[in-house]
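Number of protein chains: 2
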Amino acid sequence: MSLVRVHNLAVSLDGFATGADQRLDAPFGHAGMRLMEWFKDSATWASLQGHDAPETPDDAFARRSFEGIGVEIMGAGKFGPPGWQDDAGWRGWWGEEPPFRTPVIVLTHRPREPLVLGETTFHFRTASPAEALAEAQAMAGGLDVRLGGGPATVRAFLAEDLVDLLHVVVVPIVLGRGGSLWQGLEGLEERFTVEAVSTPSGVTHLTFARRSTHALARAIP
Amino acid sequence: MSLVRVHNLAVSLDGFATGADQRLDAPFGHAGMRLMEWFKDSATWASLQGHDAPETPDDAFARRSFEGIGVEIMGAGKFGPPGWQDDAGWRGWWGEEPPFRTPVIVLTHRPREPLVLGETTFHFRTASPAEALAEAQAMAGGLDVRLGGGPATVRAFLAEDLVDLLHVVVVPIVLGRGGSLWQGLEGLEERFTVEAVSTPSGVTHLTFARRSTHALARAIP
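Order-wise, the sequence lines are chains A and B.
First residue of the first sequence: 1, per this note's numbering; consecutive thereafter.
First residue of the second sequence: 1, per this note's numbering; consecutive thereafter.
Source of the hints: derived by calculation from the structure; they are not laboratory data.
C-beta: ideal position from N, C-alpha, C; glycine also.
Be a bit skeptical, because a hint or two may be false.
[Stated by the list, open to error] With the Cβ distance kept under 10 Å, some of the chain B side facing chain A (calculated, not the full set): (1) Leu9; (2) Leu13; (3) Gln49; (4) His51; (5) His167; (6) Val171; (7) Val174; (8) Gln183; (9) Leu185; (10) Leu188; (11) Val194; (12) Glu195; (13) Thr199.
Excised from the complex, chain A in its bound form (with noise of 0.2 Å):
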């Protein structure tokens, strides 16, 4: 059974996965890389980077993110700055080997060709999320789908109740203003069950763990 997960989502007090003016100089907007410092200082970061560090206890939760991944789908907020569409010559934010070694389906009003890094491919879809997951899980080998993301992608899916699990870092910053993860989802936790746990580094890891998948795995022999 392959699986809907999100991963190392971080989001401020105020419930904002993103600052405003998101542009190429500052992916996250005004937020900077307040919301991601946690993940920085992570051990599963440093070896993103090809470095060692030592484990955190956010390592704990950092790494699942690259376990048993078979296929991402992200928005278009997340593979370029507004506007890259525009840009026939952009390649993303990754330089020339991405970190997703797996297909990558990139949700966007206007397609292109796809786009080979490294072990890294690009696929650009107009797409609903039930048609984006049916292609992502044929394309998946039996493993997960990540939803990386931005907070609008992840909210377009859980409004349809297509994640099954959501790991959401609440980092104690008020931003203000920005791109909400939460912003239509009222009532949301009823679908779910909730844990928490919070780190020295001051972040608190949410995981949300889709009721009716529960039920199903725990329904298989």
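Place chain B on chain A using the hints.
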């Protein structure tokens, strides 16, 4: 030194500390008691009701609200449902022995005569946060001042940097609408050190300690 402290202020993931549509029979509006379930399961709450109950990890935080307090300041919305000022007989939500047992300053644009109920006296004032605080500290006999909420009142004091300790309880629910705690407080964390502790009830206790208060305390020999 008399500190200004906020305790047990529960807030949803989307930053609401009350629901919408507060009424006489729904003090938290459409949120019901969902923000306060962790508290209603505590020994601290049971004790206020004259009962015994086992201590929970949340009690380590909950009970602090009742230690070393000389006066409470509350907003009009905590004293009664919208329109209570039109009801000369309204005496608050708490019956004949309210749990404060200190003077309480109720901020309202329509003051009335003081109300004595058991060991609590309510004083009704039209005052700015700084004015209310000066009066409260004069009444507090060297003890601390509890800022009792609701969210608009806490926001107003935070905006003027009048809060020394802010204990917020993040409850993993999405309310969608209601009274925002964080609105207008972008960058609040810069003035505070913040610690996070999650407990088995699923909530996370955030303690914001004002940096300038700490610096002052360290300077006292």
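Verification of the hints:
A least Cβ separation of about 12 Å between Leu9 of chain B and chain A goes past the 10 Å threshold, and the interface hint is therefore violated. Checking Leu13 of chain B against chain A: minimum C-beta separation of about 6 Å stays under 10 Å; hint holds. With 10 Å as the threshold, the beta carbon of Gln49 of chain B stays out of range of chain A, its nearest partner Cβ sitting at about 27 Å, so the hint is violated. Against a cut-off of 10 Å between C-beta atoms, the interface hint on His51 of chain B is violated, since the closest Cβ of chain A lies about 27 Å away.
Annotation: His167 of chain B was flagged as interfacial toward chain A, and the flag is violated, the nearest CB pair being 12 Å apart, outside 10 Å. Evaluation of the Val171 of chain B hint against chain A yields a held restraint, the C-beta minimum of about 9 Å falling below 10 Å. Taken as an interface hint, Val174 of chain B checks out: its beta carbon lies about 5 Å from the nearest beta carbon of chain A, inside 10 Å. Below 10 Å, beta-carbon pairs count as interface contacts, and Gln183 of chain B has one with chain A at about 8 Å; its hint therefore holds.
Taken as an interface hint, Leu185 of chain B checks out: its beta carbon lies about 5 Å from the nearest beta carbon of chain A, inside 10 Å. Evaluation of the Leu188 of chain B hint against chain A yields a held restraint, the C-beta minimum of about 5 Å falling below 10 Å. Taking 10 Å as the C-beta cut-off, the interface hint given for Val194 of chain B holds, the closest approach to chain A being about 4 Å. A hinted interface residue such as Glu195 of chain B counts as satisfied when its beta carbon comes closer than 10 Å to some beta carbon of chain A; here the least separation is about 7 Å, so the hint holds.
For Thr199 of chain B, the shortest C-beta to C-beta distance to chain A is roughly 8 Å, which falls under 10 Å, so the interface hint holds.
When held up to the earlier numbered hints, the structure conflicts with 1, 3, 4 and 5 and fits the remainder.
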